[in-house]
Amino acid sequence: MTVGVLLYCFDTPDTAYHKLATKCIELVKKNLCLPITVITDNTTHKKLNTLDVSFKIVEQSKNNFRFYRGKNVPWYNMERTKAFYHSDYDTTLLMDCDYFCFTNNLLEICKCEHDFLLHNTVHDVTGKDRIQGRLESILPIVWATVVMFKKTDRVQRIFDMIKHVQQNYEHFRNLYRIKFKNYRNDYAFAIALHQLNGQISHNEFIPVPMNMLPHEYDVLEINNQSVIFKYNNKVNVLSDMDVHILDKEFANAG
Amino acid sequence: MDIGKLKKYSDLAHDINLTKRNSLEKMRARQIMAYNGRLFRADTETINTVSTLKAHAKEFYILDTNNNPCLIKDPEDFIRKLIERNQETLITLSQLHDSLQRRR
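Which chain is which? The protein sequence lines are A and B, in order. Residue numbering for the first sequence follows this note's numbering, starting at -5 and increasing by one per position. Residue numbering for the second sequence follows this note's numbering, starting at 16 and increasing by one per position.
No wet-lab data here; the hints were simulated from the structure. Hints may be right or wrong, so weigh each one.
As the list claims (entries may be wrong) - Have a look at the derived ranges for each label pair, beta carbon to beta carbon:
#1 B:Leu86 x A:Tyr79: 34 to 44 Å
#2 A:Glu53 x B:Ile98: 44 to 54 Å
#3 B:Leu105 x A:Gly121: 20 to 30 Å
As the list claims (entries may be wrong) - Listing some non-contacts, in silico: residues in chain B with all C-beta distances to chain A over 12 Å:
#4 Gly19
#5 Lys20
#6 Glu40
#7 Leu54
#8 Asn63
#9 Thr64
#10 Val65
#11 Glu74
#12 Ile94
#13 Arg100
#14 Asp113
Glycine included, every Cβ here is placed at the ideal spot set by N, Cα and C.
Could you build the full structure based on these sequences and the hints that come with them?
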């Protein structure tokens, strides 16, 4: 049984995602000790190819965007729907390259018999509870940031359904009254699970919330143990805790 | 007390409360453990449930974190692992708690 991490990383004109991926890979190697496969494009690959990981080069779709700090920026997130086919592992941890593993907690998730698990709740590490996901759709949100999946027929059906949702996203966005106009994997995953579960809420999740640092907070430093962040001239440290970081500016610095 | 000192006190209280809140979340995350292919929380509720059932049966079923039944064939081994993980997380938390007390 092989277990590995699958990352998607595409630089955009606004964000050097390869810098986030480099740090993410360093922490996965240190704390999870798992093999890593990075799905990327030719341009980003040139900046990542010194790393000791496997690569798969794809041509990504460039027609999506996201709202970030008051403006729309390009966002290349359409490839994740193919994760089932891109992964060579029996058990895969599909992860955003801005998710940083400071613990080995995710290894426990890989040891269970579930074939598909992801988060359905978040913990705002700033204590402000800014990320609620309420009143944004009539569908309970799931977070596609970290997904553990196995190569089973059921999971293949889930990913095929996600692809179908992606191809018909405008229809599903209207059906589930999703507030956001851009394509979001979180919603595509949530819709696919809801549809495949006979339109009854999916009920198998990673049993702890995903820790998240909202984009209003500036990251000053990420080292091997902690994240140092700043807001309103107050500096805080987060240590020994896996965290999804929404600030992308620090990737462009330095 | 002048407002400057009160502001400093408030800032310190914010940091302490935030650290405590995140430490509890860290503890809960670490308490998740896989056993017999299922996920369990190594918290007092699970420990109490297992302890009670163990007193009455050699093997028994309990629900995992996603409400799936799991047959526990070796309750002794299970409870040992639960307590071990539970205490590991609480020792870490208590060390942090002590350091926070000193900051107050």
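* Taking the beta carbons of Leu105 (chain B) and Gly121 (chain A), is their distance inside 20 to 30 Å? -> holds, 22 Å
Item to complete: Could you let me know if the closest chain A CB is still more than 12 Å away from the CB of Arg100 (chain B)?
Response: violated, 10 Å
Asp113 (chain B) clear of chain A by more than 12 Å, beta carbon to beta carbon?
Non-interface label on Asp113 (chain B) holds, nearest chain A Cβ at 16 Å vs cutoff 12 Å.
Check on Glu74 (chain B) being off the interface with chain A, judged by Cβ distance over 12 Å: holds, 18 Å
Self-check item: Assessment of proposed distance window 44 to 54 Å (beta carbons of Glu53 (chain A), Ile98 (chain B))
Solution: holds, 53 Å
Quiz item: Holds or violated: is the Cβ of Lys20 (chain B) farther than 12 Å from all Cβ atoms of chain A?
Solution: holds, 17 Å
Are all C-beta atoms of chain A more than 12 Å from that of Gly19 (chain B)? holds, 15 Å
**Message:** Verify this label for me: Val65 (chain B) is non-interface relative to chain A, using a Cβ-Cβ cutoff of 12 Å.
**Reply:** Given that every Cβ of chain A is farther than 12 Å from that of Val65 (chain B), nearest at about 17 Å, it holds.
Q. Taking C-beta pairs only, is Glu40 (chain B) more than 12 Å away from all of chain A?
A. Non-interface label fails for Glu40 (chain B): nearest chain A Cβ at 5 Å, not farther than 12 Å.
**Asked** Has the hinted range 34 to 44 Å been met by the Cβ atoms of Leu86 (chain B) and Tyr79 (chain A)?
**Response** holds, 35 Å
*asked:* Would the non-interface assignment of Asn63 (chain B) survive a Cβ cutoff of 12 Å against chain A?
replied: Asn63 (chain B) clear of chain A: closest Cβ-Cβ about 18 Å, beyond 12 Å.
request  = Classify the label on Leu54 (chain B) as holds or violated, using whether its beta-carbon is more than 12 Å from each beta-carbon of chain A.
outcome  = violated, 5 Å
Of the numbered hints stated above, those contradicted by the structure are hints 6, 7 and 13, listed in ascending order.
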